[in-house]
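Peer 1: As a plain string of letters, each chain reads:
Protein chains: 2
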Amino acid sequence: MKTAAIIGGGVIGGGWAARFLLNGWDVQVFDPDPQAERKIGEVMENARRSLPGLTDVALPAEGTMRFCDTIAEAVAGVDWVQESVPERIEIKHATFAEIQAACRADAVIGSSTSGFKPSELQVGAMRPSQIMVAHPFNPVYLLPLIELVTTNGDAALIETAKTTLESLGMHPLHLKKEIDAHVADRFLEAVWREALWLVKDGIATTEEIDDAIRYGFGIRWAQMGLFETYRVAGGEAGMKHFMAQFGPCLKSPWTKLMDVPEFTEELVDLIAGQSDAQSGMHSIRELERIRDNNLVTMIRGLKAQNWGAGALLNRQEAEMRKGTVQGAVAADLEAAALVETAHRTVPLDWTDYNGHMTESRYLQAFADATDRFMTIIGCDAEYIKSGGSYFTAETHIRHIDEVHAGALITIRTRVVMGEGKKMHLFHEMFEGERLLATGEHFLLHVSLETRKPTPPAPHIEAALVRFAQGHATLPAPDGLGRAIGAPR
Amino acid sequence: MKTAAIIGGGVIGGGWAARFLLNGWDVQVFDPDPQAERKIGEVMENARRSLPGLTDVALPAEGTMRFCDTIAEAVAGVDWVQESVPERIEIKHATFAEIQAACRADAVIGSSTSGFKPSELQVGAMRPSQIMVAHPFNPVYLLPLIELVTTNGDAALIETAKTTLESLGMHPLHLKKEIDAHVADRFLEAVWREALWLVKDGIATTEEIDDAIRYGFGIRWAQMGLFETYRVAGGEAGMKHFMAQFGPCLKSPWTKLMDVPEFTEELVDLIAGQSDAQSGMHSIRELERIRDNNLVTMIRGLKAQNWGAGALLNRQEAEMRKGTVQGAVAADLEAAALVETAHRTVPLDWTDYNGHMTESRYLQAFADATDRFMTIIGCDAEYIKSGGSYFTAETHIRHIDEVHAGALITIRTRVVMGEGKKMHLFHEMFEGERLLATGEHFLLHVSLETRKPTPPAPHIEAALVRFAQGHATLPAPDGLGRAIGAPR
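Which chain is which? The protein sequence lines are F and A, in order.
Throughout, the numbering used here is defined as the position within the first sequence, counted from one, plus 10.
Throughout, the numbering used here is defined as the position within the second sequence, counted from one, plus 10.
So that you can see chain F by itself, here it is in the shape it has in the complex (with noise of 0.2 Å):
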């Protein structure tokens, strides 16, 4: 079991806690604010919610936390020390002359230091080798970035560093030179002071800003950052081309502040060299077809969330509807043919790496379009806001054909049985005339209070049995009611 030590709590010293206490370390803290484990109690509540369901397979044991009285005790016998005090110089001083007079000599001190450079901490430290910046971003416990900058540090204790940095989940970029205020936090200072000159010439207000920015580069930055981004979009012809077309706009007159480096031929090549380096193993079109894949992924994932440019999908949709089958109530509808429920496009990320719908999809699409059934017979978000709603207890799945992303589907469902609590349907799942699978559900009618079965309102009922009687008039179809390892 290892220890690590955290200098410092507040909302970055805090989110350190989490990832080492969430990946199984011991943490002792030391902070003098009264306040401290109440605020790292709260980063850790947050933590616990988001971080150990990312992972595929569990976590190891929570360790335990402690606080100390003095940075001391916090960093005696420790594997780790993460110093994240206040920006002010001679507080990182004082800290470190304490942390180094009890830590062992072969610890990490990682600094969270978002502008002093390694050299700077340094300065009058017992052993200065010791010292190394280890910038997080914040949510700590989730994001994995960390600037790692080492002047004059220790080859073993930077391995170490950066080896234990991966094994939290973390991606140690171990910078060339030290330079004040890292990589990161330029970009975020230049974006910075551009947004405070456009909400100052009142061109555009915070959110209409923030607009501008999940809506666009932000989810293309959440993928593949600036250089592989710019890359695709020089095409085949590569980034020598991007920048022979780009680079000059450089040298208009569009921000605040022109200082460019000159646009020499040797920097060209440096960039072209580098971004090969990077990229070269994909063409430019295998490139955007990952770029898609991943926008789209991105996106529905927001949608799911109905948050930025996903909840502007789901307004799309909600339009879309309108006046349509897809928009359709119980009273609009035959009672005696099957239900349209869904009428869809195979997305990119329902698909696996080659190209065919995922086993899991299916029910999510069966699942949706009994969403889409409930709404129809008035179990809509406004009736399950007021407290009820069906749950499913049973689902048979069958799959008679595969299925491709971009493939036009239509689920046609019918209602096997409908009576008091009680809601069994069967979806049929169509490629035009091709059948791809068949989804049975046996549903209930619950309390979202209680979570136990009871009876739907009367107009939900009624709307239920109509199509029950009227589907009833139908011939039965293939599969119903079958068990797994029945005979045909």
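Any copy, or any two copies together, can satisfy a pair, since identical chains are not distinguished.
Below 20 Å or equal to it, Euclidean Cα-Cα: the simulated DMTMM-like pairs (lysine to aspartate or glutamate) are: (1) Lys127 <-> Glu188; (2) Lys102 <-> Glu130; (3) Lys395 <-> Asp362; (4) Lys172 <-> Asp36; (5) Lys462 <-> Asp362; (6) Lys250 <-> Asp286; (7) Lys102 <-> Glu83; (8) Lys462 <-> Asp411; (9) Lys12 <-> Glu169; (10) Lys431 <-> Asp381; (11) Lys210 <-> Asp286; (12) Lys187 <-> Glu217.
Simulated from the structure, these hints should not be mistaken for laboratory data.
Assemble chain A onto chain F, guided by the hints.
Peer 2: Relative to chain F, chain A alone:
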């Protein structure tokens, strides 16, 4: 049926064509480039595979595309003209003259310009108020942001432009004032300029810069942008507190260029007030959780794509499995004991707004458990690459009890039958000793080339038979072989 004219093809014009066509518009293209048809065809191919599945209802039937020999022919009678010609003002002016000589006076004329202001585009125009900036972001068929800039515009036409863009699934960000490069490209340029310095000075390579973006603030910005992110970082004390804390940093010489607006009380109040209007309906605690839900969803989406921050997780997971039962193979395991095929935490993106695990994620957990069992018996990634795998033919799920995000779940798997091409599995999902669900699955071994059933490799069949014989000695579980609607 509405019609749009696309003046200038390429990646941007092609992206516009795709937006219109896939949303049911007809499109008429003018581009003198003899390669235009091929280039737009390539964009259309990418757009067709990614855009239609973004929504959960089908888009209208695709419109028809026609290539025209003149601008006059392309714009005659259309509802929208989109100009995407090269960024030279004299070319833009000549193009608008030809467009306005032939188009309807009530058509929207949008320019894709990233740099020019509408007042510059309108110089010398026949009907200046008809010309507006509608600046999109690549890939135009996926990213929703449009910067709409309308100096001296016609109010009714602007309204038409907005509703049209929304109907195409886009977000018109209507700027209050015109400014060089609008909003988003000013940020892109600030970051690009800073990045050039970092590469030139040997601080970081293009790949390292991209990693600094996509493993850190890029993921944040994909969902909340700059100000809302900082509002959360400021904590309950709010935006004013954040600015009081971080405002002074802006005076440090962190970037090459340092002109910063003066931090007057007026500017602080302006920003704090706008931030309240934007995000004040959520407490900081709510925003933190919304942010974390979004981050988990996007990072896990990237994990499924094995890219960026998600690829890091997959590498971490592979390390975590080493030397544990999650990394075991058949020979390590007792034949007469159920096989542990999952031990994981229910992630945030698997749950509904109430925090309960969503129906289809039960099947995802069971399908992952099946994959894990396949790996255990030797049907691993390498074997699958050689051309054989198991496909699920039938699934039966019983939902016994509910489970929340953050719960640690375990799946234990029994081989009900395994011989020749057939594999019949029964998974039980537990939280501790509480049974949550069972998943019964019938699979067939197939050739991935013919997609027809074939026998598996002998070592796989042997491992399967060994478990089948061992598990036959265990008592039969409740619910095995059940059909929906059958008496219990």
